[in-house]
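**Q** Can you make the complete structure from the sequences, with help from the hints?
Protein chains: 2
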Amino acid sequence: MMNQQAIVAKIVKLGEEIQEQVDQNNNPQMVMPQRGLGNVEFNENDKLLMLGDKKSSRAFLNIAHSRKFMQTVMIANLCKRLVEADKHASIREVYYQLKHTIEKTKENTFEDQSESDPVIEDLETMLNLLREELNLSADRKGYLYGNVTIKDAGDTINCAKLGRGGWGIPSNVEDIDFVDVDAEFALVIETAAMYERLVEEKFSKRNNAVLIATQGQATRGVRRLIHRVAKDAKLPIIVFTDGDPYGYYIYSVIKMGSINLAYLSDKLGTPDCKFIGMTMTDITQYGLEKVTEKLKGMDVKRIKEEMKYPWFKNRYWQNELKKMLKMDMRIEQQALANKSLEFVANKYLPEKIEGQQFLP
Amino acid sequence: MMNQQAIVAKIVKLGEEIQEQVDQNNNPQMVMPQRGLGNVEFNENDKLLMLGDKKSSRAFLNIAHSRKFMQTVMIANLCKRLVEADKHASIREVYYQLKHTIEKTKENTFEDQSESDPVIEDLETMLNLLREELNLSADRKGYLYGNVTIKDAGDTINCAKLGRGGWGIPSNVEDIDFVDVDAEFALVIETAAMYERLVEEKFSKRNNAVLIATQGQATRGVRRLIHRVAKDAKLPIIVFTDGDPYGYYIYSVIKMGSINLAYLSDKLGTPDCKFIGMTMTDITQYGLEKVTEKLKGMDVKRIKEEMKYPWFKNRYWQNELKKMLKMDMRIEQQALANKSLEFVANKYLPEKIEGQQFLP
Chain G
1 MMNQQAIVAK IVKLGEEIQE QVDQNNNPQM VMPQRGLGNV EFNENDKLLM
51 LGDKKSSRAF LNIAHSRKFM QTVMIANLCK RLVEADKHAS IREVYYQLKH
101 TIEKTKENTF EDQSESDPVI EDLETMLNLL REELNLSADR KGYLYGNVTI
151 KDAGDTINCA KLGRGGWGIP SNVEDIDFVD VDAEFALVIE TAAMYERLVE
201 EKFSKRNNAV LIATQGQATR GVRRLIHRVA KDAKLPIIVF TDGDPYGYYI
251 YSVIKMGSIN LAYLSDKLGT PDCKFIGMTM TDITQYGLEK VTEKLKGMDV
301 KRIKEEMKYP WFKNRYWQNE LKKMLKMDMR IEQQALANKS LEFVANKYLP
351 EKIEGQQFLP
Chain F
1 MMNQQAIVAK IVKLGEEIQE QVDQNNNPQM VMPQRGLGNV EFNENDKLLM
51 LGDKKSSRAF LNIAHSRKFM QTVMIANLCK RLVEADKHAS IREVYYQLKH
101 TIEKTKENTF EDQSESDPVI EDLETMLNLL REELNLSADR KGYLYGNVTI
151 KDAGDTINCA KLGRGGWGIP SNVEDIDFVD VDAEFALVIE TAAMYERLVE
201 EKFSKRNNAV LIATQGQATR GVRRLIHRVA KDAKLPIIVF TDGDPYGYYI
251 YSVIKMGSIN LAYLSDKLGT PDCKFIGMTM TDITQYGLEK VTEKLKGMDV
301 KRIKEEMKYP WFKNRYWQNE LKKMLKMDMR IEQQALANKS LEFVANKYLP
351 EKIEGQQFLP
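These protein sequences, in sequence, are chains G and F.
Numbering-wise, the first sequence is residues 1 to 360 according to my numbering.
Numbering-wise, the second sequence is residues 1 to 360 according to my numbering.
Keep in mind the hints are simulated off the structure, nothing from the lab.
Relax, there's no trap hidden among the hints.
One copy or two, it doesn't matter: identical chains are merged, so the pair holds either way.
Derived EDC-like pairs (lysine to aspartate or glutamate); straight-line CA-CA distance at most 16 Å:
1. K234 / D180
2. K323 / D299
3. K87 / E200
4. K290 / E111
5. K87 / E342
6. K294 / D112
7. K290 / E103
8. K202 / D86
Note that the structure is a prediction, hence the values are computed from the model and not measured.
**A** Structure representation (structure tokens):
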């Protein structure tokens, strides 16, 4: 949420550095942090996946680089115009807008979005800015419900007064302000169906909670919103997913960031969030054996990978992951309906929150 | 939007009929319309895909039927309790809630959701009620934006005052009321990114339009909402998808219903809606050849199927579909960004709406 001027200044500086090199008859170069696996590390201090110190450079007078060099300058230019005009574009629109045949050649500037997307990531690392701060966005998913009042695009929205619908989380949440937050915590929920269950059960009002539905893996917009709810609205974050390796991965990405986007972890990650369930312990604790499923094809491989994550290297998570392998079971959030429809809202969640039964 | 009492009465009647047959020492039977392809026809009068007159029956004392008979009664019973208590359940919760081992046997009531879902469809046809009217729901998707005020679950929501987020369309829109509608038409949009573009360009305010994003194939909740916007809020519906066979199928389902759910077309279909684009004619008209893509694997087969749809059997659609085959091109909504980001909102859509350049 850097201001507009500071963002434009960063882009202008990139341009000026290139201009300077041209003026001095040097081969123009851009330097940026390497983004590959070889430069990703778990930062024990910040408890986040982050980039290391390795750099790479892109030179204009290098046949292997010059096309990408041109593309980088084109996208940087578009971003400057967008930020100045206070306009936004989807990364798909960026590709379409900039695609054209270079005069007097048969060469297209971009052949495919798979050429423009990585260049956008390059710019993010190079400028240390989120693409959202460059006014670029991608697909949106997710809903917000509860007693938090948000200001967005001139409107003031109380998210507890939106019927059962809730607020559709936009792809870009850089410009929203939290005007008023009257809640004790935010519950992040994997499935929209469970979110609707909790809205219907008035869980939000009864427990003074904000509800955020991710609808599967959280988009960048949703991860950024969770990060901002934690940081700016100062709410503790509790994550509630299915009890399977995919659910645990959703939690992991919300918490620590992902390897692909390690350069953004400090802006998208929420290292202090906690995990409430579903756990393997829940299955025996609440007698849910009958509504579990067997592990599926890729599950065992995923569980073994997750056991190696540094942030799962504690006895609580190791215990759950080992149990999952041993029991050969996975369980969904909605399986709690086997007890009763109200069980999740009236017993399961309140009991675990009361007893602080969270995984780290 | 039948009232609660009438819905309960229908379920009770089903139960009483079974009871009566038991009392008379008859083999209890349920009769319902056949749902297979052999009983689906295009109703020229209503311009909708609908079920024919063929019936099938389910008998309790028939080894091939008795398990399904039991399941039907179980789900009917759950629905009765839900409607009476004004509570809702997802179809996944229905499965989990009703799954148990029958006393003194090793038999489970349901083994998998694939057993409960078709029984819910049976009940819909048998009772001539939407599952939404039985307070059942499935996944949600989609957003609503614009100058329409809705009442839902006690809240009054002006959907033009929700920032860039818009209202998250719930899985079930049976109980919403349109309190105030100040718009001239509703534009239904395939991608959320295009929806965000039009929100940013203030298309809604400038053209007095309601925007509905389907995010790909429209869910039942979104189709029902479109149907209700047309019928109850009395707005003309204009559909805006990618120019490819998948986009045209999305339009077709919104308009006519689908073969699978033909028994619901009169409640989910919107036969009067019109199609604005993208068309193959747009490509030459606006000089967009450079930002098209070649047809993909399944496209040709799909186009040929669509040419046979009765509602595409007019020269406008036949012309477009033939052109698509001949040009070997598809085009996305977002490709309009090639002209400029504002082009779609300031020129493309207003021009086509002004000139009534719609496909039927």
